[in-house]
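Student: Single-letter residue listing:
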Amino acid sequence: MDWLPALATGAALLAAATVIGLAWRSRQGVARSGSGDVVHPADLGVAAFGERATLVQFSTEYCARCPATGRLLARLAGEHDGAAHVEVDLTHRPDLAGRFRITETPTTLLLDGDGAVDDGAVRARIAGLPRAAAVRERLDDLLRSPHAVSS
Amino acid sequence: MPSQAESASTGGRTADRTPAGIDPRGPRFGAAITATLLLITVVLAVAGADAAAFWLLVAITLLFAWGAFAGIRRHPYGLIFARLVRPRLAAPAELEDPRPPTFAQGVGFAVGLAGILLSLLGVEYAVPIAAAIAFFAAFLNAAFDYCLGCRIYLLLARARIVPRT
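So the sequence lines, in the order shown, correspond to chains A and B.
With the working numbering applied, the first sequence corresponds to residues 1 to 151, in that order.
With the working numbering applied, the second sequence corresponds to residues 1 to 165, in that order.
No lab work stands behind these hints: they were computed from the structure.
These figures come from a predicted structure and were not determined experimentally.
Every residue, glycine too, gets a C-beta built ideally from N, C-alpha and C.
Hints should not be assumed to be uniformly reliable.
[What the hints assert, rightly or not] Examples of chain B residues toward chain A, derived with CB under 7 Å: (1) Ala20; (2) Pro24; (3) Arg25; (4) Phe29; (5) Leu37; (6) Phe69; (7) Glu96; (8) Asp97; (9) Pro100; (10) Ala143; (11) Leu156; (12) Ala157; (13) Arg158.
[As the list claims (entries may be wrong)] Per the computed footprint, the stretches of chain B lying under chain A, defined by three or more beta-carbons under 8 Å from a beta-carbon of chain A, are: (14) 53 to 64; (15) 109 to 116.
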């Protein structure tokens, strides 16, 4: 038996798993550019979007971080005039998970708005528990630009 | 299989059909023990202690089976957590649905079983490779709260392979 290579293998596995974990965590909650895809409230089964911005949160019934995410996003939407938060439960709507390529919950999309509440284009996408500062920055950007119309 | 296809409203949570929540730290506590045992398995196998590695993987796989088929709440690590660890911690911020971690135990069981069967068929390195794969999942769960099984669950639910409540 040769223990040195065995222990080295174990250490290498541990290091590789740690690197993967750190890389995953560094992307959690960070806002990335959205697809620009135009979405209508009826697509998601909700009544209306916000006039200027909408935070669409995809959840599942069995998602541990979703309730905390919902509270955070509702608070952030409340801080901004014309912004709204809607929560979409994917448990019974796997078609939406397919359309928006959701691989984890919560996933949040930031939609813009041109004053109407019946459509919005995807401007940003956040996987995991959102970082409040990242959401606030994107919302501020969106609400500051007066000509932000959905394309 | 209860179906509520048409009443599939968004936003609302159907609390009536959801099993009672569990402390999300329980599965992570168990994953830490599992990850340690799996890493020991890999080291033993690479060192040439084939029999020890094989039987350790068998034991871990049986524990995965326990979690997968009896439910994560009846798993021995879950009981240790509830008895010894949880009383010393503050109440959790959120409870978690037990179905995804139970499903994740099933994924671990499948990987362990594949390693055991391939090893019995004479495939070299089947034990350390299966143990290494399961180690990644268990370690990421324990250290980073990354639930690989939960993602697989969502992907399968998307593909309508697993029943959705």
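Student: So, for every hint listed, does it hold in this structure?
Tutor: Here's how the hints hold up against the structure:
This hint is violated: Ala20(B) has a C-beta 12 Å from the nearest C-beta of chain A, more than the 7 Å allowed. A hinted interface residue such as Pro24(B) counts as satisfied when its beta carbon comes closer than 7 Å to some beta carbon of chain A; here the least separation is about 5 Å, so the hint holds. Look at Arg25(B): its Cβ only gets to about 10 Å from chain A, farther than 7 Å, so that hint breaks. Using the Cβ-Cβ criterion of 7 Å, the hint placing Phe29(B) at the interface with chain A is not satisfied: the shortest such distance is roughly 15 Å.
Violation of the interface hint for Leu37(B) is found here, the shortest Cβ-Cβ separation to chain A being roughly 12 Å, above the 7 Å cut-off. Below 7 Å, beta-carbon pairs count as interface contacts, and Phe69(B) has none with chain A, the closest being about 18 Å; its hint is therefore violated. Taken as an interface hint, Glu96(B) checks out: its beta carbon lies about 4 Å from the nearest beta carbon of chain A, inside 7 Å. For the restraint placing Asp97(B) at the interface with chain A, the shortest Cβ-Cβ distance is roughly 3 Å, inside the 7 Å limit, so the hint holds.
The closest approach between the C-beta of Pro100(B) and any C-beta of chain A is roughly 5 Å, which is under the 7 Å cut-off, so the hint is satisfied. Hint status for Ala143(B) relative to chain A: holds, with the closest Cβ pair at about 6 Å, below 7 Å. Among the interface hints, the one on Leu156(B) is violated; its C-beta lies about 10 Å from the nearest C-beta in chain A, farther than the 7 Å criterion. Here the hint on Ala157(B) is kept, as its CB sits about 6 Å from the closest CB of chain A, short of 7 Å.
At a threshold of 7 Å, the smallest CB-CB gap from Arg158(B) to chain A is about 5 Å, leaving the interface hint in force. Coverage of the segment 53 to 64 of chain B by chain A is violated in this model, with 0 residues showing a Cβ closer than 8 Å to a Cβ of that chain against a need of three. Residues of the segment 109 to 116 of chain B with a Cβ under 8 Å from some Cβ of chain A number 0, which does not satisfy the need for three, so the listed coverage is violated.
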